[in-house]
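Colleague: The primary structure of each chain is shown beneath.
There are 2 protein chains.
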Amino acid sequence: MKVTLQTDVLTNNNRAASYNRELFEKTKTLVVNVMSSPGAGKTTLLEETLIALAGKYRIGVIEGDLATQKDADRIRALGAHAIQINTHGGCHLDARMVAAVLPEFDFDETDILFIENVGNLVCPSGYDLGQSHKVAVLSVPEGNDKISKYPTMFMRTELVLLNKIDLLPYLDFDVNMAIEDLKGINADSKLIKVSARSKEGLDEWFSWIEGAYKACVSQER
Amino acid sequence: MKVTLQTDVLTNNNRAASYNRELFEKTKTLVVNVMSSPGAGKTTLLEETLIALAGKYRIGVIEGDLATQKDADRIRALGAHAIQINTHGGCHLDARMVAAVLPEFDFDETDILFIENVGNLVCPSGYDLGQSHKVAVLSVPEGNDKISKYPTMFMRTELVLLNKIDLLPYLDFDVNMAIEDLKGINADSKLIKVSARSKEGLDEWFSWIEGAYKACVSQER
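Protein chains in written order, with the numbering used here: chain A, 25 to 245; chain B, 25 to 245.
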């Protein structure tokens, strides 16, 4: 009985995700689902991304949080269109929550949609939102053991942004061990070292987005 | 239907928690459920706590993680009795998982049991494990907005250990705003500033444990 219900929840989620994906593919919108622990720097990374790319792409943002409009307010302060989803205690975004706010965007006039998930290194990885790509942010203060201790996130994401590398001199984070652990869990995953604060490494992340966008719009339908 | 099942899950959890609590109270064992985001420093804080208090109290530790024995190994390296629970993808410990490993401890010969929950600032707060006290660890690199953005954790914990204060000079964490936010969400909660690395503030945490232990053993049954 419990297994059946869990299956139903995921079946319903996957159906909603496929409807979302259908819309994103039809309108050639690149959709990136960004996940991490609380405070790994997702919003600050998105702020820097908007500053760098907003002149070139029309970018929308969905913000997921248990409570408050704080993250959407930060994104709106940069002039971007941002919609806040409050999960009221819920630990992840699901595809139906996302579907419910999609009409707030005009996807014929949107190139890229970033979905900033609830800060949680476990639950969000289990829910397909219909995105084009899943990206995990891991921050240096969390420690290099997190990839092996939270494998479900890193086996389901194709890119890891290792953020806050400006703090490496003050902490014992072993970058090589993190890269080794990632290879062991997901050989196809890529890791980019960045600092949203010092801006180091951000160009490589922006190039990744540009490549993903080009692949997205050139896709045959 | 969904509501009923959710109620059943919590009813079963609460029943297991009450059995756990009965055992802990009967044996006058102080049980502290420690929760936080991944990488906030729970294990390092427990290591320092063991080093400081193991001469005075008989301490056991339950470690919760999705995967690996890494945290239990760190605790065992200090000579303490530690049992690792692997949730295999699960986002929190529940009272039944804890009940299943309790026979690994002799509670007539244990003064304090620390339960280090899965690193997750959302889900663990919803599950009573039968503990005497719930403690949240928040670390400076996560940012001072986390208390208002993850209210379910902070409204259900009675003590916040603000960890990694040695990093305050390098980051923009507003301690006063964190304290204000905490007051607004949970007026009874206390905040202690600590650094497991520089050891600043740890004495206040140890005093809190000693006070809690005295209250625990002096309780009438």
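Certain hints may be false.
It does not matter which identical chain is meant; a pair holds if it fits inside one copy or across any two.
BS3-like cross-link-like pairs, simulated, lysine-lysine; straight-line CA separation at most 30 angstroms [unchecked claim]:
#, residue 1, residue 2
1, LYS217, LYS50
2, LYS94, LYS207
3, LYS80, LYS94
4, LYS50, LYS207
5, LYS94, LYS158
6, LYS94, LYS217
7, LYS158, LYS207
8, LYS80, LYS207
9, LYS158, LYS52
Hints are computed from structural coordinates only; laboratory data are not their basis.
Colleague: Which of the numbered hints above does this structure break?
Modeller: Numbers 1, 4 and 8 - these are the hints that the structure violates, sorted from lowest upward.
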